[in-house]
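K.L.:
Taken in sequence, the protein lines are chains D and Z.
Residue numbers for the first sequence follow our numbering, so the first one is 4 and each next one is one higher.
Residue numbers for the second sequence follow our numbering, so the first one is 4 and each next one is one higher.
Please keep in mind that the hints were generated in silico from the structure rather than gathered at the bench.
Since we're looking at a predicted model, the values are computed, not measured.
Treat the hints loosely; a few may be bogus.
One copy or two, either will do: identical chains are not told apart, so a pair holds if it fits within one copy or between any two.
Said to hold, decoys possible - Computed cross-link-like contacts, EDC-like style, restricted to lysine to aspartate or glutamate with a CA-CA straight-line distance of at most 20 Å:
#1 83 x 73
#2 20 x 126
#3 83 x 35
#4 83 x 52
#5 83 x 55
#6 83 x 12
2 protein chains.
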Amino acid sequence: MSDTSFTLDARLQNDTKHVASLSLCDVLLMNDARFPWLVLVPRMSGMTEICDLLPGDQAMLWREVTLASEALRSLAPFDKLNLGALGNIVRQLHIHVVGRREGDAAWPGPVWGSGAAMPYEEEQLVSLRQRLHDALSG
Amino acid sequence: MSDTSFTLDARLQNDTKHVASLSLCDVLLMNDARFPWLVLVPRMSGMTEICDLLPGDQAMLWREVTLASEALRSLAPFDKLNLGALGNIVRQLHIHVVGRREGDAAWPGPVWGSGAAMPYEEEQLVSLRQRLHDALSG
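In isolation and in its complexed conformation, chain D is listed as follows:
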């Protein structure tokens, strides 16, 4: 389960804003207004592959991904949800949960590697973080 020596990867820290801490994962909002995009990071150090988690932690992870998917859908309806665990650049285990709309900035391609992020306005960011936090706690 959670690991007290855990520290968030510097690149994830830079690209995201913290939304909520669930039992296993921190839920982060990607600071990119082009896509409603959450990133779940299990608070475990030195872990890179989901298949190497203990079965109970895997089950918890996927339950939290579903919770994040439903929270995202309640606030930003999507045409298709995209889930991804890549980690080719940032090796710290993290799972992307991205709401996609037909015709969005990367459609129908993947969001990863699709140009520069467009940061949220500060007011948008405050409001969205609060609403996501509430949806995840609800």
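Given chain D's structure and the hints, the job is docking chain Z onto it.
P.N.:
Then chain Z, alone, in the frame of chain D:
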């Protein structure tokens, strides 16, 4: 659970070769020698989002993804596993399990949308399907 009216999407049928049928999912090998790449398709019709599966089916799906990840690793060691559930083009629910090597044809970007597939030689394909089938059954 499995659905007798299920038929595999025509594009997935065209791009892959069947490897094994697990309890919930058919496991397909992407016919692209650039990457060791499995696709898991739950045999359920009309399903597009993992978060809409019943909790028991979600749990089964992720157990089968882990089984596929381990089978892939046993035959084709990777530097990083990439998991993805996108479905922007093919809406039938399917999960990609892709072994990535540093410097491979799409590294460090995602495999989705990264140029044309390079089909396996027939002999390679027969051997790989058999070995994957055995690893998934073992």
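K.L.:
Would you mind marking each hint as holding or not holding in the structure?
P.N.:
Evaluation of the provided hints:
no.: 1; hint: 83 x 73; in the structure: within (12 Å within a copy, 28 Å between copies)
no.: 2; hint: 20 x 126; in the structure: within (13 Å within a copy, 50 Å between copies)
no.: 3; hint: 83 x 35; in the structure: within (18 Å within a copy, 25 Å between copies)
no.: 4; hint: 83 x 52; in the structure: between (25 Å within a copy, 8 Å between copies)
no.: 5; hint: 83 x 55; in the structure: between (28 Å within a copy, 12 Å between copies)
no.: 6; hint: 83 x 12; in the structure: between (28 Å within a copy, 17 Å between copies)
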